[in-house]
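Visitor: Residues per chain are reported as follows:
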Amino acid sequence: MSGKKGFVLCVCQGTCPSFTKMDVFGVLSDVRREKLFDYVCLHPQLCVGDGEEFLKVLLSGGETEKLYIAACDPQMQGKMYRDAFEAIGFDKANHFPLDIRNKTTEEAVAAIKELAANNP
Amino acid sequence: MSEWRGIPREEIPWFPTIDAEKCSGCRECITICKNNVLTFDETGRKSTVVNPYNCVVECRTCARLCPSEAISFPDAAVFSEFIKEKLTAKGKL
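Chains A and B, in that order, give the protein sequences. Okay, so the first sequence: first residue is 261 according to this note's numbering, each after it adds one. Okay, so the second sequence: first residue is 73 according to this note's numbering, each after it adds one.
Don't read these hints as lab results, they were simulated from the structure. By construction, the Cβ of each residue, glycine as well, lies at the ideal position given by its N, Cα and C atoms. There's no promise every hint is true.
Said to hold, decoys possible - No more than 27 Å apart at the CA atoms, straight line, and that leaves these computed lysine-lysine pairs for DSSO-like:
id : chain 1 : residue 1 : chain 2 : residue 2
1  : B       : Lys106    : A       : Lys281
2  : A       : Lys352    : B       : Lys106
3  : B       : Lys106    : A       : Lys373
4  : B       : Lys106    : A       : Lys339
5  : B       : Lys106    : A       : Lys363
6  : A       : Lys339    : B       : Lys118
Claimed, not checked - Pulled a few chain A residues facing chain B out of the computed Cβ check, cut under 7 Å:
id : residue
7  : Thr275
8  : Cys276
9  : Pro277
10 : Ser278
11 : Cys307
To be verified - Quick partial rundown of chain B residues pointing at chain A, CB under 10 Å, derived from the structure:
id : residue
12 : Trp76
13 : Thr103
14 : Ile104
15 : Asn107
16 : Asn126
17 : Val128
18 : Val129
19 : Glu130
20 : Cys131
21 : Arg136
22 : Leu137
23 : Ala148
The following block holds chain A by itself, in its conformation from the complex (with noise of 0.2 Å):
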């Protein structure tokens, strides 16, 4: 199944001190001109109510293969989109979770690099 890639960054709300030092729509910018996802999009905070319905709504369907996180903890990205990821049907190992806390804009768009690099 060669399905689509798909990238999201999560910023908890913008607001927490943890996503101050990038510039949000930079890291955006950068990541989408690599060319490295089929699509790419922010949400402030995946881990409530409504970023559950989002993960369902945008993995319905099956046409993302491959869905790219950039966010907390991968093991508490791991816990927090279980329940969305199994309501959909979608396969937790084709979920890559990447840590982009206290990072700058450069180091965060390195370090999605790497993870596209790593899990293509």
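Guided by the hints, dock chain B onto chain A, whose structure is given.
Guide: Only chain B this time, still in chain A's reference frame:
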């Protein structure tokens, strides 16, 4: 974080409350939160709230991931109304 959208943070009653009886002392919440809201009480062997106003308004991650369900936050609907009133009073809504 001393202000939230122009409102002094101390005027916003958003921070975790820990039920000491439920808390197992696993420290998961302390690992999760990077904003130094919580600390570990070595005597009582429980997590405690030390900097409540460091908490990111409307972030509930520690409560979501607490294995003992020992952490609670204000009711979402009640808090939403409170925040709307506050923002309206500040002319931001």
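Visitor: For the restraint on Asn107 (chain B), tell me whether the closest CB of chain A is nearer than 10 Å.
Guide: Holds, about 6 Å.
Visitor: If you take the shortest Cβ to Cβ gap from Thr103 (chain B) to chain A, is it below 10 Å?
Guide: holds, 8 Å
Visitor: Using the nearest Cβ pair, does Val128 (chain B) come within less than 10 Å of chain A?
Guide: holds, 4 Å
Visitor: Can the hint on Val129 (chain B) be confirmed by a CB-to-CB distance to chain A that is less than 10 Å?
Guide: holds, 7 Å
Visitor: With the threshold set at 27 Å, check whether the alpha-carbon distance from Lys106 (chain B) to Lys281 (chain A) stays at or below it.
Guide: Holds - the C-alpha atoms of Lys281 (chain A) and Lys106 (chain B) are around 14 Å apart, at most 27 Å.
Visitor: For the pair we were handed, Lys106 (chain B) and Lys373 (chain A), check the Cα-Cα distance against 27 Å.
Guide: It holds: about 24 Å lies between the C-alpha atoms, which stays within 27 Å.
Visitor: Can we keep the Leu137 (chain B) interface hint, with Cβ of chain A closer than 10 Å?
Guide: Result: holds, 6 Å to nearest chain A Cβ.
Visitor: CA of Lys352 (chain A) to CA of Lys106 (chain B), is that 27 Å or under?
Guide: holds, 25 Å
Visitor: Holds or violated: the hint that Pro277 (chain A) contacts chain B, with Cβ atoms closer than 7 Å.
Guide: Holds. Min distance 6 Å.
Visitor: Measuring from the C-beta of Cys307 (chain A) to each C-beta in chain B, is the shortest one below 7 Å?
Guide: holds, 6 Å
Visitor: The hint names Trp76 (chain B) as touching chain A; please verify it with the least Cβ-Cβ distance against 10 Å.
Guide: Hint holds; Trp76 (chain B) Cβ to chain A Cβ min 7 Å, cut 10 Å.
Visitor: Was the hint right that Ala148 (chain B) lines chain A, CB cutoff 10 Å?
Guide: Check passed: Cβ of Ala148 (chain B) comes within 8 Å of chain A, closer than 10 Å.
No hint from the list above goes unmet by this structure.
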